[in-house]
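Colleague: Now for the letters of each chain:
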Amino acid sequence: MNAFDEERLARLIRALPPAPEAWVRAAQELPFARPEFDEIVARAEADAEFRKRLVADLESALEAEGYERDPFVIQELRVRFRSK
Amino acid sequence: MAAAISDRELVARCRAGDEQAWAELVERFSRYVYAISVQAFRLSDADAEDVFQEVFGRAYQHLDSLRDDSAVRPWLAQLTRRLCIDRLRAKAREQPVPEEELEDAGTEETLSLLEESLVVHEAMAEIPDHCREVLDRFFARDESYRVIGEALDIPAGTIASRISRCLARLRELLEGRTEPTPPSSSR
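Quick mapping for you: the protein sequence lines, in order, are chains X and C.
For the first sequence, the working numbering begins at 1 and goes up steadily by one.
For the second sequence, the working numbering begins at 1 and goes up steadily by one.
Misleading hints may appear alongside valid ones.
Label-pair ranges, simulated between beta-carbon atoms [as the list claims (entries may be wrong)]:
#, chain 1, residue 1, chain 2, residue 2, range
1, X, E59, C, A168, 45 to 53 Å
2, X, F50, C, D18, 43 to 51 Å
3, C, G176, X, G66, 51 to 59 Å
4, C, H62, X, R14, 56 to 64 Å
Since the hints were derived computationally from the structure, they do not count as laboratory data.
Glycine included, every Cβ here is placed at the ideal spot set by N, Cα and C.
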């Protein structure tokens, strides 16, 4: 490492602000959310109607089926099914 | 951002199913992943959130495929960059942008700044708690003296000098001129 003057150190500390807490929490809860995600994907692969509803309106489809609003599950499913 | 155990050990624990270790891994690299997507690739909040969750989702899923546990940092950085580029390319298909804009995304300069910044944040884990707290709140969280004073229960008028002392301590640590001093001592 080269010399760190105060200005440079300040810049380097400033460059990594915290990520939004909710994002971090959702990622930390992955081990708990993963089984539910896998279950939904398996269901969607086996049930074309359910898959169609997921693609059309992900959150409403999950809510209608009684799944909890887990941020990780929603994000991952959104990516998987390219739904809004 | 306490770095009590090495990246290698942390990954090994995650692989063994230690949920606490996974929470620590996310905490340790969350700022880095976030900064790559919003600073280097200038993704919107919504896209950055998708990338963030996808990075950790894939990392969790594919941790077993990591050949060298100590290489988790470059692995996550590479994964984040790839997903950011995918996201920009997808956007470009919907709303075409000049190819050079895509090529300019994620400049090496910003990425190396973030890498160096991560080293500094890791070093902050080795300075006393009160120093780490005040530096992080002031610089990284952009809190005012008043807010910091209230949160840490210290007079706002002493914060500037505390920041200066703590920066000096961090600087000593980074430059390797002195051994890290025990947390109980103050300068």
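Colleague: Now look at each hint and say whether the structure bears it out.
Modeller: Results for each hint:
1. X:E59 / C:A168: 45 to 53 Å: At 51 Å between Cβs, range holds.
2. X:F50 / C:D18: 43 to 51 Å: Given a distance of about 34 Å, which is not inside 43 to 51 Å, the answer is violated.
3. C:G176 / X:G66: 51 to 59 Å: holds (57 Å)
4. C:H62 / X:R14: 56 to 64 Å: violated (32 Å)
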